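J.: Need the complex rebuilt from these two chains, each delivered in its own frame; the hints are there to steer you.
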Amino acid sequence: MIANYGYKDGSGEYYISIDTDQCIACSAQRACLTACPKGMFEIISDDYDEEVAAVKPNFRRSLGFDCSDCKPVGGYTALPCSSACTPGAIKHSW
Amino acid sequence: MTAGEKKEYWRWEESCWTDDSKNWRDAKIITAGIDVGSVSSQAVVCVDGELYGYNSMRTGNSSPDSATNALKGVLEKSGMTLTDITYVIGTGYGRVNVPFAHKAITEIACHARGANYMGGNSIRTILDMGGQDCKAIHCDEKGKVTNFLMNDKCAAGTGRGMEVIADLMQIPIAELGARSFDVDEEPQAVSSTCVVFAKSEALGLLKAGYSKNKVIAAYCQAMAERVVSLIERIGVEDKFFITGGIAKNTGVVRRIEKLLGTKAAETKYDSQIAGALGAALFGYTLMQKQGAAAAKAAA
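Order-wise, the sequence lines are chains R and E. Residue numbering for the first sequence follows this note's numbering, beginning at 1 and increasing consecutively. Residue numbering for the second sequence follows this note's numbering, beginning at 1001 and increasing consecutively.
Source of the hints: derived by calculation from the structure; they are not laboratory data.
Heads up, simulated BS3-like pairs for lysine-lysine below, C-alpha to C-alpha not over 30 Å straight-line:
(1) K1103(E) with K56(R)
(2) K1022(E) with K1142(E)
(3) K1153(E) with K91(R)
(4) K1072(E) with K1006(E)
(5) K1199(E) with K1006(E)
(6) K91(R) with K1239(E)
(7) K71(R) with K91(R)
(8) K1142(E) with K56(R)
(9) K1144(E) with K56(R)
(10) K91(R) with K1144(E)
(11) K1028(E) with K1296(E)
(12) K56(R) with K1153(E)
(13) K1077(E) with K1268(E)
(14) K71(R) with K1153(E)
(15) K1153(E) with K38(R)
(16) K91(R) with K1142(E)
(17) K1028(E) with K1142(E)
Pairwise CB distance ranges (calculated):
(18) A25(R) with R1025(E): 45 to 55 Å
(19) G1291(E) with S93(R): 40 to 50 Å
(20) T1146(E) with E51(R): 12 to 22 Å
All values derive from a computational prediction rather than experimental measurement. Ideal placement from N, C-alpha and C gives every residue a C-beta, glycine not left out.
Chain E on its own, in the form it takes in the complex (with noise of 0.2 Å):
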């Protein structure tokens, strides 16, 4: 970093990856989801409804360009094209701006079924912790949704909030976590329903002697009270699974486990793509559907 150049703090990892294992050209059906999200964009591509590549990246000014490029990063690692995939569904909230969608799903659906996918068929609860808004969810043994709650309105409890909290506090957003858990005590949390507020406390409890990790604590337990408040007007039916990029921050999640006395099921997947997954599965169902009507028709 040169003098005067200013660090993004909030800036997260982007990641691209296929499964060099699988051999997508013997594939019957190839679908892709892209879910273009406030914050981040993700485009997952699926062979025979088996996860096989992601590229998850920042969202830019303009939701078709950030699907474009999105898709862009797992077609130019696999050498796939566009007409090479069957079909795809667009889901986030630019969802209606993808332009080479077949359809549009909404983020709800679309992470019931990634949910289902990456935690198993016993997954009941789903929490989405995403960069602008915060989705509690209840779904069935296939991933359809029985029961949801959105929270919209504020920044509070979401993604944003947290990177605002890691500028402010000039460190990592990935280390910001870890840092939570090593305080004296844990402190009280800030300002729950406000993230310019729970801001404005923040830069109070720093003036006011607390270490930068207490008040990253403070911050962390502030977004596990209100996602809980909001998870508990539906209640919570185990197993429970975390997606979003909160889900990466282990500060937020051991919280909120600990108010709810729940684990969160583990998964080996990013927790970023479920949104994107649950698109493309649903796009090899439909697709799966389609020749079947067409088999039906034919004999």
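Okay, chain R solo, but in the shape it has when bound (with noise of 0.2 Å):
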């Protein structure tokens, strides 16, 4: 499953996209909950049973902000929490 967490507002759209079907076997030991300087990850499971990576709730809505500091301009050339996923199943919108 394909689970896309954010918003759009009138700024643009930020999403990040987890692709579940990678966690459920996650070759990269869980590395997003660490790679993330905020700490934005975490393991729920889900409606069908499976143990996946979720953004948490509380962070859903302020994507834009929160993830800032890890774009170019925050002096980071790419961005931990996909670097960290090896399995590439993280991806930014924005």
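T.: Put into structure tokens, the structure is as follows:
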């Protein structure tokens, strides 16, 4: 399943997409949990009882602000979450 | 209406229905799904995996009370009691506050399952236009979610936004869809990013001489554009189905169809019960699995 967390507002679209099929047998040892400097990811049991990664609910409406430190202007050349997720399950829309 | 009494134009019709051709006393498994949404609450009862009855009403200020009252409507109409129901699943934003639920499942999974029942197993894209959020969902032939996207950050593109416009125009909400087509030319959409801005714009258009119908048309177009931009992020696969209260507004539905270039699948069921129906069906599948597991263990 592709789970898109985020929102669209007057300034743009801010979504983090997680391909949760890749989480079921995660080959990156859940690296997303520690890679994000703000600890935005968590492991949940989804509606089909699979253990998958998700963006914590309290971050879902503020991704545009919370992720800004990890964007190129914040000094990063690659997103820590996407880089840590070696199966390539995590993508940003912006 | 007496003098001084304020008419509630936003108030939509609540409904309660049971299938009198079915006898629930003959059923092996009775399950219920309770969808406590931000604006409306529904209770659906299924007997042996088939829709038996539902109650759709406005959500009050207490999620547990809304859940209890929604189910009470079906129970009273059918003569059933809570103890007759084998399994209850809560869904919607108040899903964790359903006091008699055995399990909670997100409305995303429940709407996909409900749409699969209501529109058939060829449904692949679902647009749920709820009271205070909007979701675009892809599912497989079993109604299992494969992709989803939601927007609950603002009221534009939601049922609550339409209620605001109904009150502003002083036209009953059920009439808005038909009225939006009674215009000499299709107007430009009002703001689609904020319902407060849309309301201000609508007032401005009225002052500029627009008819009420033309302003409603402009708002319906804005809602359609809003949700189409959402659904286009995940793409549209036929067949396409709309759930939620806005599915009853032809003014928005026809405009969405025009923008997407595809017709929404028709259903004989009430589009508002999709989430609760999906929850009840999840309950039935769980009970079947448990029964099969118990039979296997006993063998």
